[in-house]
Amino acid sequence: MAYLVVTLAIMAMLNMIEAETNQAQFRKLVLLISIIFSSPIYAENNGLIFTPEGQAFNSVISGVTEDLVGEIAFKVVVLNRSNVATDIEKHIETHSPKIIVLVGNNALKLYSQYQNSKPNNVFPPSVAVAALHVDRYLASIKNSIGVRYEIPAVTSIVNMRSVISSPIKRVGVVHRAWMTSIVEENSKDCRLEGVELVSVSIPNKDTNLKGKLKSALISLINNNVDAIWMLNDNALLNSNMIRAAWLPALGKAKLPVIAGIESIVSLGELNLASFAATPDHYGLGLQAASIIEEIMERKWQVGSKNIEQPISVKNAVNTSVLNRKEIKYDQNKLSMMNRVFQ
Amino acid sequence: MKWKFVAVLCIFTVLSVPAVAKNIYIFSPVDVQARFFQQQVAMACPSFSMVVFGRGTDFRAQLMRSPPDAIIAPFPTIDRSFGFKMIVRGMQDGSTKGNSLLVSLDNVFDVSQINNKKIGVVDILGRGRMNEFVSELLQADMKLRRVSKNSDLLRLLTFGLVDAVLVSKNQYENMKSISSLNLVATKLDVEVGLVGVASANASINADLISCIEGFNSELNEVIGVDQWRIL
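Listed in order, the protein sequences are those of chains D and F.
With the working numbering, letter number 214 in the first sequence gets 214, and the count goes up by one each step, no holes.
With the working numbering, letter number 30 in the second sequence gets 30, and the count goes up by one each step, no holes.
FYI, nobody ran anything at the bench for these hints, they're computed from the structure.
The beta-carbon is built from N, C-alpha and C at its ideal position, and this holds for glycine as well.
Just so you know, nobody snuck in bad clues.
Computed footprint of chain D on chain F; a stretch qualifies when at least three of its residues, placed anywhere within it, have a C-beta under 8 Å from a C-beta of chain D:
1. 26-37
2. 138-146
3. 150-162
4. 176-186
If we strip away everything but chain F, and leave its shape as in the complex, we get (with noise of 0.2 Å):
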């Protein structure tokens, strides 16, 4: 009798602990406010605690403080983040990687000519980091001005704070949705990897990977991607 009752406390204890979720954070500096994005995202993943970061500092500095079991994040982010294995890179029309482009106002930027020429960026690195990627990336020394989110890289040539800014073609096609400047885009000879999911604990990525999959057309638009490729 005795054993029966230690077993059935026992068997009480285990049910009655609470299941911890698993803890995912996205950063995505898009236009989209965080927290709408974050429920979304909430939405399409309920068995997840899902963060979603609008700032790259912040997501930065969550990251050391208590690093998540994944990150769906930009490429450059997730391969300068140590400890996470990507298992599904976003596509877009057929393929992981974007094409860059200079935009400018009025008149063609010239390439050949962007040695010490003031370069907007979207902080996705930190600003070493991103100096040395971007610099890496167009294989020249410019001198970059950095904002948080794409909706300041307008404001960055409105003023003309900067020669040019360095987008994606997404982020050019959302900029001539709005503005009504004479935007002139220079397609560059490189690619950057779009977003992509990276997990620190394997035993979730089968049940991520499939809530991923199950994304709607319009969450896939605001993350920048049309379908996800598993690894």
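So that you can see chain D by itself, here it is in the shape it has in the complex (with noise of 0.2 Å):
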């Protein structure tokens, strides 16, 4: 707008210029001012962010417009269910992105849908985030990159050893066979903090899958863990389960549990899990807007196609379920906690 401004006053200037000045010094002048309006510098590099609804992606795409601004105008597109790829084709041609921001798994769903349809183009670069196993979709969309969703073992179990007075060197997770790969990455970066992740692998499906995870429960607290880690798998984590499972294992044992969700945290009268790391949703727009800022510098190239772990996160945590466990903590740190349930 203040661009089209600039332009409608130069233009009346010019016109009073030309009826003062001689025929040849105005083309210079014309000619001059094209050229300086021409410049990259008067440029405006145009983004598109694809987000669904909702406040925690509100605060994903503030994390990366505030950051950027002044470099990169975002046009925000809200998707629903009812969107198709071809809404995304014709965003894309109206507002020609130099850069798109893939927020939730709806987008980059429409994203590789709407780039497997037209597999002669050159796309521009696009970042992912605050979507479920990005790895996945990632694989099969080019020119893209991105920041996992999930919170890793280290950081969940890095944050409650915080708190937690008791030392924290071997932790439990069950988890099922297809998530075996992630799990042996988590435990890399565990073993960097000294952390142990003692894992139990279930079957993807079987008709007593609740029995199965009861029993791999059971099987880490008589291994002697010091604390258990639960993935969010809507397989194993789900209402059910927790009644027919988790706290019938876990409900009198007394153990540290990490959630990756809040809400099983703020639950105490569940008595199961006392720590909770979640993502931070802003702090993840500032991380995509960061990666943005990387491929701006190597002239809107993506890079190396490495896909980032989320830096940061909110932690959770329910002193009532901890006092009731006899898991003793540390008062004075739990000022660091985002929630603190009681």
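Using the hints, put the two standalone chains together into the complex.
Quick look at the structure:
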């Protein structure tokens, strides 16, 4: 808009000048002004953000846009379940973005479909954020990079360890077989922090999955782990599994349990999880902005396709669960927690 | 009789006008949660309206929108905030400045090779100004990875997103207290001013100084100082 106003003002000025200047001088002036205004310093970088609705996603967008203000003018497009890949195509054709930010799984899915429909196209760089299992999507999306949404075990464990008084050396985790490589990757990071991730794998599908989960949790307790890390796997973490497996196995165990969902910690009466590490959505946006800054420095090249772990998290603790389980903690460290449930 | 009535009415009007607390903004990207920090400073300074910001973007936006009477912030932030005059400087171990360290994993960081390395920092100035500040401080051109809080610096190292992080001695000690990583500190020959107090309203200075001097040792430790020097 400012650019338009300035242009109109200059045109009015030129009209006045034309009346009083000879033709040759006037042409030189117009040429000079054209050269100046076609210079890259006046070019505005356009960006597109595809996102679902929701407060968490709005925080991601704030993190991105506030950090890059003055560098990239972002157009935010809200997607819902009724949108299709051609909607993505229309916005890209209209806005010609230098960079695309894909927030959430639906945006990733639709963008992937759009790319697949145009196999010979060259696509601008894109950054994926706040989407589950982003690795799987980005494998097939060209010119893209992303930040994982799942909080790594090492982050959760180190943050919990800073509050709990007793040593945390061995942390147990039960996972379905398909998550083996994810657990192994998490295990490597934990080893750097002197923590052993003790994992038990159960089948991806089983007619008695809750029985398998309960047995696996009991085996970890018998194996003297210092804490349990709950993976965000819908098949293992739902109300049915909590009732039938998690609570019977862990309800009386005096172990800190780390969840990836704050609601499990806030429900103190469940007496299950005492600690949670969850995404800091604004921080995710800032991290995406840093990645975009690097892409800009590389003249809009993605560079290596290393998907980043999330840096910033929010921590929650439930002190009544800790107290009931007789787990000692440092009161002074509670001020570092984003939420303290009692 | 009539003038007595008017006089009483005027006195009543003046006395019933509510006293407006002076606004103090505190910007402190420490690991202690802003709401907890705000409770502590509000108790220490009940006559002021204290607002704590954990994030630089929020602090800078509110500073522009509704300038306060005074700010408490890191020295580089105050140095670049217009309309405020420094009245108190935080000190640690007798100095108003702190040494900076580059912390890396496993190996000592070769400072002579710092150009084009990725360095993690807590952002206290915003993207452009932070890049300029660190470039000038270290007399080098490196790529900055900015985070909004201290605890995020450790993760930059854990996940190999930077070659080193630029921290104060306090920040380094905090990192060592929670992490078992082999964190190696390289001392730099540069110092950065600690937290300061700057005022835009001289009429509040005396009360503000008195309130700051009343901060207890726990509060001072959160801010990163052990005493205050009045200028």
